[in-house]
Amino acid sequence: MSATPENVVIVGASATGLTTAQHLRRQGYEGKLTLVGDEEHLPYDRPPLSKQVLAGTWEPERVLLRSEDALAELDVTLVLGQPATGLDLGAKELSLGDGTALGYDALVVATGVTPRDLPGTDLDGVHRLRTLDDALALRAALLAGPKVVVVGAGFLGAEVAAVAREMGLEVTLVDPLPVPMLRQFGPQVGELVGAMHRDHGTVLRCGTEVAGFRSSGGRVTGVELGDGSVLDADVVLVAVGSVPATGWLEGSGLPLGNGVECTDHCRAAPDVYAGGDVASWYNPHFGTRMRLEHRMNATEQAMAIASAIVGDERPFAPIPYFWTDQYDTKLQAYGTFPDGARVQVLDGDPDERAFVAAYLVDDVVVGVLGWNHPRTLREARKLVVDRASLDVAS
Amino acid sequence: MKVIVDKDACVGSGQCVLAAEDVFDQDDDGIAVLLQENPSEERAEDVRQAAAVCPALAIRIEG
Ligand SMILES: Cc1cc2nc3c(=O)[nH]c(=O)nc-3n(C[C@H](O)[C@H](O)[C@H](O)COP(=O)(O)OP(=O)(O)OC[C@H]3O[C@@H](n4cnc5c(N)ncnc54)[C@H](O)[C@@H]3O)c2cc1C
Ligand code: SF4
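Quick mapping for you: the protein sequence lines, in order, are chains F and B. Numbering follows full-length UniProt numbering, in which position 130 of the first sequence is assigned residue number 130; successive positions increment by one, without gaps. Numbering follows full-length UniProt numbering, in which position 45 of the second sequence is assigned residue number 45; successive positions increment by one, without gaps.
The reader is advised that the hints may include incorrect statements.
Within a straight-line C-alpha distance of at most 30 angstroms, the following computed DSSO-like cross-link-like pairs (lysine-lysine) qualify [unchecked claim]:
no., chain 1, residue 1, chain 2, residue 2
1, B, Lys2, F, Lys330
2, B, Lys7, F, Lys382
3, F, Lys147, F, Lys51
4, F, Lys330, F, Lys51
5, F, Lys147, F, Lys330
6, F, Lys92, F, Lys32
7, F, Lys382, F, Lys330
8, B, Lys7, F, Lys51
9, F, Lys330, B, Lys7
Cβ-to-Cβ under 7 angstroms is the rule here; a few derived chain F residues that face chain B [unchecked claim]:
no., residue
10, Arg295
11, Thr299
12, Pro374
Calculated from the structure, these hints are not laboratory results. Note that CB positions come from ideal geometry on N, CA and C, so glycine has one too.
In isolation and in its complexed conformation, chain B is listed as follows:
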């Protein structure tokens, strides 16, 4: 799976980090930073959860 974060839409809620902290981090302004663009299959469910709870719908998953 490939993860894409739309930084311009991100509101810095940190929900993605709470859902999968090895895949997402936040910069000093709170904007999401991708730690892994292609997370492993084991992480897929948590990453999907992160995309689902993102209040700004800023996370897209391909594949």
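Here chain F stands alone, though its shape is the one from the complex:
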């Protein structure tokens, strides 16, 4: 173990990056702190972008993670609007977009993810949603009262479909998989998510690929599906997943697999840490490597990194937590939801749309999901912590 570094540089000025800075200070770190971010905005939070900001119920300023005054108190040097472009592990130096180099004693990589693309989608009217600017652009487009097609029925696409539908728009949600949110929560819960969307008047085209886009004068006019049908569209959101933002690290020697590969102490190399959406690590609680794109994980991993930097050697073994809001429904989940897990309802009733279900692998609870049932879910979390076993069909 090396001594506490005197100069910590954090790349990625968002949830993970800022929280790492905050927790370093909270733990008494008094050295130099620099936060580098490629966006011009002060650090802000993303979950409200596809919810309150898109719906217009929150002013955009409300998503700031910390006020300007509170940031000043932290005593961090903010380098904004400036991407990190390369890393020299030997020289302990980061290169920035303007050609300057920045030395560090400890480096934290917190660059998040970038939305995955579909070919041929640089048309006007085709949107992505990752940043505040993306959210404001999409909101402006929705206010014109368009026909909306959302490509991708993961949590992001499903949330945007719900907001657009609640704005009274004609909305179609397209996904090659048979039900929404299949990858997150499996076929049974996916079926229920689909039913909820249909009940609210969103058209679902699941089990269908997008074959291409129609356009006129550089603007999107429709989406062609694999079955030959065409959906009219004035606005399209592409929400087909994300890839870890590690391009700037290629050739640096850091282990890059599905994200920056870390130990269970969030370490990717000596004095280099990674956390949040960009990091993959071995979670000893579940005995598996994971990379999460969840808000809570950004905070928890940032805290673990800050502790590791000042010398705390506890492994990072969290119980993942995730939530999504769609229409009047709140879905929340603790743990993992592997393919083929057995789903067992613990409380409430799926038909009533208020229940808690356990996900089991080899009769051991690896995840619990709550559908408008938050308190019981919180209690059920213990089953995941304890790796409880449940007998078939109790």
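Model the placement of chain B with the ligands on the given structure of chain F, informed by the hints.
Then chain B with the ligands, alone, in the frame of chain F:
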């Protein structure tokens, strides 16, 4: 210390209850309910932890 919960921002995750269950509870919709507005000094560290882990940044601490 004084604790303030922004119920409008709360997403009902229950993290605050896990961190300090004598200070926070959840209503039936999961929204945080403050049991103690002015927790004692002994509880300060857990309450700060609750504010730190809240995924919606809905907990503010003054003093
Ligand atoms: C619209 C939306 C809604 C969401 N809703 C939920 C939800 O309901 N529940 C939930 O659990 N999670 C949700 N999430 C996920 C959650 O927001 C993320 O897990 C969290 O933001 C991860 O934080 P991060 O700091 O690791 O990455 P990010 O927030 O992506 O931050 C990374 C930052 O690094 C910057 N960056 C990238 N490359 C470079 C570079 N080379 N140099 C400098 N800076 C760089 C990026 O511009 C960005 O600002 C949502 C995400 C989005 C986009
Ligand atoms: S931790 Fe935050 S979001 Fe979760 S219940 Fe408490 S106040 Fe609400």
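Check: Hint by hint, which ones does the structure fall short of?
Finding: none
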